[in-house]
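J.: To convert a position in the sequence shown, counted from 1, into the numbering used here, add 16.
Treat the hints with caution; some may be incorrect.
[To be verified] No farther apart than 20 Å at their CA atoms in a straight line, the calculated lysine to aspartate or glutamate pairs in the DMTMM-like style are these: (1) K176 x E222; (2) K88 x E234; (3) K176 x E234.
Think of the hints as simulated: they come from the structure by calculation, not from any bench.
None of these values were measured; they are calculated from a predicted model.
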Amino acid sequence: MSVGRRAVVTAGAGLALALAGAPAARSQGLPTQGHPRMRTLFVAGDSTAAQKYADAAPETGWGMALPFFLHKGLAVANHAVNGRSTKSFLDEGRLDAILTAVRPGDLLLIQFGHNDQKVADPTRYTEPWTTYQDNLRVFVEGARARGALPVLATSVERRKFAADGTALRTHGAYPAAMRETALEADVPLLDIEALSLALWQKLGPEATKTYFNWTATEQDNTHFNPPGAIEVARLVAAELLRTHVLAPRETRRLDDEIPTDLITWPVSEESRP
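Please model the entire structure based on the sequences and the hints provided.
T.: Here's what the structure looks like:
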């Protein structure tokens, strides 16, 4: 069943509300054909979160590092894709694919904004206080209809500093629009925009270069190297815990140093001989 932008299936909303009120119970998972099924955290987002492959290394999406901070009984299904906005993700049927796989008790983490800003591209642009919020509600209602818990996360900040070393906001009204949507829809909010901005400010203009995809041939202030992906994933996991989306037993190593050599970049199917 295709999920329309304004007409979302609402069956099962009662189950979703019941689950939303009992996060500890959800962590146990639900049986499937007599066997316990691993609870899954689905990620819908853009290139900052997406899986990267060997031809893109050392670029790293924070979704690649998220499992380091989650208990092994909680799976991560990373559906984030380079270049997508809420609009293009929906138009390409990518939410439909998630909702086909999602099961009651699962989580859907939604982080968009980087590409929704692209005014010159009608295939991706959304206006923050209208179409962007409308699209976020489609994700939220789609998850709830299937008994899953939607979670909104404001966009991770880019690396941008003023001449005096002040870390600057780059996402305009989109984070505020998401905060409003989360409040109105009673959805857990992970304020990754604010937390990442504070982290970049603490690190400063020079140190942050080692967190972003700065290489001998590229100076990328949007995407991450392994250290940056790990630290953003840490912020996400800590927020999932703080907001009680996850129970303490579902997270791990939040204060530990994570070796960057744990990050690996598989060969993409397109690159296989």
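J.: If a hint holds in the structure, say so; if it does not, say that too.
T.: For each hint, the structure was consulted:
no.	hint	in the structure
1	K176 x E222	holds, 11 Å
2	K88 x E234	violated, 35 Å
3	K176 x E234	holds, 16 Å
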